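Colleague: As a plain string of letters, each chain reads:
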Amino acid sequence: MRLGNFSVKRLTVCALLVSLCFVFSFIERLIPISLSPFGFKLGLANIVIVFALYKCQIFDTLIVLIAKILISGICFGGPVYLFYSLLGGVFSFLIMLVLKNKLHIVTVSIFGAIFFNIGQVLCACIIMSWNIVYYLPIMVIAGVFTGFIIGILTDIAESRIKI
Amino acid sequence: MRKRKFSVIDIIIVVVVLATALSALIFINAMGNDGNKVEIIVNGVVFSTVNLKTDEKKEIEIKDSKGKVTNILVLENDTAYVEWATCKNQDCVHHNRISKVGESIVCLPNNVEINIIENTGVEDAAW
Ligand SMILES: [Zn+2]
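Protein chains in written order, with the working numbering: chain A, 9 to 171; chain B, 14 to 140.
These aren't lab readings, by the way, just hints derived from the structure by calculation.
Remember, predicted model here, so these are calculated numbers, not experimental data.
Fair warning: there could be bad hints in the mix.
[Said to hold, decoys possible] Quick list of in silico lysine-lysine cross-link-like pairs, DSS-like style, CA-CA up to 30 Å:
1) K18/B / K170/A
2) K18/B / K63/A
3) K50/B / K79/B
4) K18/B / K108/A
[Claimed, not checked] Stretch-level coverage of chain B by chain A, calculated; a stretch enters the list once three of its residues show a Cβ under 8 Å from a Cβ in chain A:
5) 18-26
6) 30-44
7) 122-130
For glycine and all other residues, C-beta sits at the position ideal for the given N, C-alpha and C.
Start from the sequences and build out the full structure, keeping to the hints where you can.
Modeller: The following block contains the structure:
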């Protein structure tokens, strides 16, 4: 059965990934750690995004990413948060797309995390004040660490799971 | 397709980024002198500016435009921190104490921003 360009398999995989995002976001909600106004989240759901980046088509990955942002924004963050993650999400998606085949998956994940944070800080700078730009270095460092952990986990998942 | 090996290039790039960020962080911290004023901004408008240094612990209720208390800021031992907030994520409450110029606590959900600034000669607002 085909739904336009979407095979049932593609659709199912996307749906599965989106629900995984939801589960990861929920688990993360249970362990709050905060070092900045943006929180200091590991971003477990990003495992799914990086995984999709390597396993799915670009369009599908984008769908999963947007769904992830909407879900975590609406259920776990609130509307303002949604706005911040949207810019961060787009930033991280673009940089990961560019670096995807040039660098190792762990490095790609690190850059994804860094640019997610940069996007959020920029968004906060625009909405609130440029004082927040002081957070940039610490957010970049945080991105390196969270991105590294996410990258290692995704590396394992990516090499073992066949779609 | 996907690169299988974590190569020297990967390491170099990550180290360079990390080193840049670290030096920026150290630079910002070295530049930061202790501030003497706390500026509270709600919805982009200065709610009030108060002295950071107080003789005793002081609590400040931060209110939104409807007069509802959204965050409680505490000034103590020349530092400022948020003790209580209505926001869902509570990031502002968990934030470290701030005391240096340029440091800030932000509550994104409540659109509240608390900045440490240097004395600009502006008088305290209604305290
Ligand atoms: Zn808050």
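Colleague: Now tell me if each hint is right for this structure.
Modeller: Here is what the structure says about each hint:
1. Note on K18/B and K170/A: the hinted pairing holds, with a Cα-Cα distance of about 20 Å set against a maximum of 30 Å.
2. Distance hint between K18/B and K63/A is fulfilled; the C-alpha atoms sit about 18 Å from each other, no more than 30 Å.
3. Straight-line distance between C-alpha atoms of K50/B and K79/B comes to about 25 Å, which keeps the hinted pair within the 30 Å bound.
4. Simply put, K18/B and K108/A have alpha-carbon atoms about 13 Å apart, close enough for the 30 Å limit, and the pair holds.
5. Against chain A, the region 18-26 of chain B contributes 6 residues with a C-beta closer than 8 Å to a partner C-beta. That satisfies the three-residue criterion, and the hint holds.
6. Evaluation of the coverage hint for the region 30-44 of chain B: fulfilled, as 8 residues show C-beta separations to chain A shorter than 8 Å, against a requirement of three.
7. Requiring three or more residues with a Cβ within less than 8 Å of a Cβ of chain A, the coverage given for the region 122-130 of chain B holds, as 4 such residues are present.
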